[in-house]
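Asker: Spelled out from the first residue to the last, the chains are:
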Amino acid sequence: MTTADDTSSELTLVVNGTAHRLRLDHRTTLLDALREHLGLTGTKKGCDHGQCGACTVLVGGLVGGRRVNSCLLLAVMAQGAEITTIEGLAAADGELHPLQAAFVERDALQCGYCTPGQICSAAAMLGEAAAGWPSAASASLTSPVVLDAAEIRERMSGNLCRCGAYVNILAAITDVARAAP
Amino acid sequence: MRPFGYLTPPDLAGAIAAVTRRPGATFLAGGTNLIDLMKLGVAAPDLLVDVTGLLPDRIEPTAAGGLRIGAGVRNSDLAADPRVRAGFPVLARAVLTGASGQLRNMATVGGNLLQRTRCLYFQDVTKPCNKRVPGSGCPARAGDHRNLAILGGSPHCVATHPSDMAVALAALDAVVHIEGPAGPRAVPIAGPFGGLYRLPGDRPDRETTLERGDLITAVEIPPLAYAGNSAYRKVRDRTSYAFAVVSVAAATDVAGGVVRDARLAIGAVAPVPWRARAAERVLAGRPATSEWFGRAADAELAMASPLPDNAFKLTLVRNVVVRMLGELAGAGS
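In the order they appear, the protein sequences are chains A and B.
In terms of the working numbering, the first sequence opens at residue 1 and continues consecutively.
In terms of the working numbering, the second sequence opens at residue 182 and continues consecutively.
Possibly wrong hints are sitting among the right ones.
Said to hold, decoys possible - Computed footprint of chain B on chain A, listed as stretches where at least three residues anywhere in the stretch have a Cβ under 8 Å from a Cβ of chain B:
1) 19-28
2) 123-135
To be verified - 30 Å max Cα-Cα, derived DSS-like pairs, lysine-lysine:
3) B:220 - B:308
4) B:308 - A:45
5) B:220 - A:45
To be verified - Far from chain B by the CB rule (all over 10 Å, computed), these chain A residues:
6) 40
7) 50
8) 163
To be clear, the hints were calculated from the coordinates, so they are not data collected in a lab.
Note that beta-carbon positions come from the ideal geometry of N, C-alpha and C, so glycine has one too.
Can you build the whole structure from these sequences, using the hints too?
Answerer: Shown next, in the form of structure tokens:
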């Protein structure tokens, strides 16, 4: 039983389908838990203040999961939730997720530091659009979503790319959006 | 960051008791602002009481014809709700212009209302700030104040409230439901005689009328017949994912070329979401023309006391108000 004076907790993080039992200082963000305690360094620390999106992971599963900034989520808040990181996107046989393949095909990166966050963010973003969520770029709040360039740019604005690879990031995501059923 | 305890009480009463009895305790919801402020050293609670599993997280119609939004509703769910999109577009638009897709998935309605100013001096613990350390001074008036208040500020503080959602809720006459150690109560978000927020005066550290242990549990939007003819316009330094330089929430009821009634609130110009009642009084019953829209804006801005580097907001607010009211008049008549 945790009391108000305990500054750490024993908790379970379920990451990419595997449960991990950890004792973590409450100050540990999900990002630091992934990178420093579980060795999952695919998720990147950019700004550590929720401004760059490099740390984006999915909470609630690869399908239907929600994209969040893991730098602003305490690990203790994520206990029990199904967390998906970039390491969990490819199929078990190694076949790349369509977004991963599209980023390779379109050369949608330069240094690559923002790429895991871009791809995790895009994976959830496509689900949001499929669910009919409007964006600030939508002319109508009630019409079906058409993922044109303006929509994708707006919906991906939480992921910065300091190399400026946006043109090809947009192309890669557009490819996958068009191929979606 | 200071070490802290973390509790998930079984119910709201337990959460309120836990925060009430411990001066260093604070509620934790989405955490998008609080965790950031803890990293910056601006906030240093010794106990976080997580209420994400306890707060109401549904949006329900009220008997009167409005909506009651649980304080635990995530921003993304609020903006995606079909009743909000169709019935209160100003609110959906305001939420969609705020933050990023990731942050909207985390942030809650209650937390959004209680987020802290992004004034640079408030967020920098190496600088004086009357809001963060009462009595330490305010470097903003002589320093970087381009994005700070032109309305409602004081010699002690000219910080702006950063929420977009709150601006729309102010225009919609929203009521904030609170549970606390003294029981439940409700206050307007921006009533004619006050509400949730306080103007800074000589105590900019006291931002709201909430007392220790008080927890926002829901926000209620009363029915408004013409809320469907509403809009939110946000002007910022980049197209997306930035705080407002100026924003305007507006709803109008126009018939036969005359404004029968109007709601107007302005964001990023004051320490609170600024309900523009002086402008509304000018608009009521007047011709729906650019001239009168401009006069309405001027009536509100007559109260402004801008600083050298943010006087441009006077022109910006006026232009945005005139443009938006013109668009709404065209759409609604």
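Asker: Could you run down the list of hints and mark each one as holding or not?
Answerer: Tested hints:
1. 19-28: As far as the segment 19-28 of chain A goes, the hint holds, because 3 residues have Cβ atoms under 8 Å from chain B.
2. 123-135: That given contact holds, which follows from 8 residues of the segment 123-135 of chain A lying within Cβ reach (below 8 Å) of chain B.
3. B:220 - B:308: Roughly 16 Å between the alpha carbons, so the hint for residue 220 of chain B and residue 308 of chain B holds.
4. B:308 - A:45: 27 Å, holds
5. B:220 - A:45: Since the Cα atoms of residue 220 of chain B and residue 45 of chain A sit roughly 14 Å apart, the hinted pair holds (cutoff 30 Å).
6. 40: Residue 40 of chain A clear of chain B: closest Cβ-Cβ about 18 Å, beyond 10 Å.
7. 50: 6 Å, violated
8. 163: 18 Å, holds
Hint 7 from the earlier list is the only one contradicted by this structure; the remaining hints agree with it.
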